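Here the protein sequences line up with chains W and R, keeping their order. Under my numbering, the first residue of the first sequence is numbered 58, with each subsequent residue one higher. Under my numbering, the first residue of the second sequence is numbered 182, with each subsequent residue one higher.
There may be inaccurate statements among the hints.
[As the list claims (entries may be wrong)] Computed, partial: chain R to chain W, Cβ under 8 Å:
no.	residue
1	M182
2	L196
3	A200
4	S210
[Stated by the list, open to error] DEER-style ranges, computed between Cβ atoms:
no.	chain 1	residue 1	chain 2	residue 2	range
5	R	S210	W	R137	43 to 51 Å
6	W	A102	R	D209	38 to 46 Å
7	R	S210	W	Y195	43 to 51 Å
Worth flagging that the hints you see were computed from the coordinates, not collected in a lab. Note that the structure is a prediction, hence the values are computed from the model and not measured. Idealized CB from N, CA, C, for every residue including glycine.
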Amino acid sequence: MSPKHQHTLLLFWHAWLGGGYLVAYLTADEDTYAIHLFAGYAVLAAIVIRLLIGLIAPSSKLLKLPRPTLKGWLPGAKGRHPLFAWFAAALLIIIGASAVTGALSDSLMTWLEDPHEAISEASLWVIFGHIAFVTYMYGGKRYLAQAISRLYHRLPFTQTKGHSI
Amino acid sequence: MLKKMIIHGLVAAALIGTAAAVYAESRDSGYLSPNTASTPATEIGSRAAESNGYLSNDAQRKESHKSYFWNREHDDDEGMEHSRKHGKKHDDD
């Protein structure tokens, strides 16, 4: 499979997981339990498929499972920011745990209902962290730097006489 | 790229939500189908009148709200009919 197709597959999977999670989270009510169940199983299927793809294609740069390391934090380290891998692994684990506990609490182990709820609430914050980090890395960093620079130049002690833009 | 991913996610959410709603609807209708087949919604008033006072004559009552009671009532009726057909008697007869 070409890298372009792998990228498309990964985007499709990401949309599937995100969409399924959104529907499952918004329908976590007794009135909409059937919808919650369906969306939850869609999320579980997405996680299982991702793990299987990661196991089948461990050599693929795009499709291999994330392997967070501490090496990336060392000074002078090159490549992507290590938080990408850490967030990816954390999300796979916490959303997977949420989906598995949800599926089990529905059928075999009803006592898992409370842990399922707690894990799901925690997973929402990991997702928010992931979104904030990605937004910062792919645009936010630049806008923040521009905003700080603009603010800095407007400060009275940084303005010099005869300075014109 | 970020906007694109958000749009993809929302489209997927809409698709999954629609599929889930269809699933929920079919599950509900499957659960109610024996009941609704025997008791169409247009006959609620007359059915209630025939039910020996088990239910009110409120024709506005929704099917979903009375399904449990209707099921129980119909189960009883079916049980009675079954025992009549097969010559068995209820304990409370």
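Each hint tested on the structure:
1. The interface hint given for M182(R) holds, since its Cβ lies 6 Å from the closest Cβ of chain W, which is under the 8 Å cut-off.
2. Nearest Cβ of chain W to the Cβ of L196(R): about 7 Å, under the 8 Å cut. The hint holds.
3. Of the supplied interface hints, the one on A200(R) holds, with its beta-carbon coming within about 7 Å of a beta-carbon of chain W, less than 8 Å.
4. Interface hint at S210(R): violated, since its Cβ lies 11 Å from the closest Cβ of chain W, which is beyond the 8 Å cut-off.
5. Distance hint check for S210(R) and R137(W): the Cβ-Cβ separation is about 49 Å, which falls inside the suggested range of 43 to 51 Å.
6. At roughly 23 Å, the beta carbons of A102(W) and D209(R) sit outside the given window of 38 to 46 Å.
7. The hinted range of 43 to 51 Å is satisfied by S210(R) and Y195(W), whose Cβ atoms lie roughly 45 Å apart.
Consistency note: the structure conflicts with the earlier hints numbered 4, 6.
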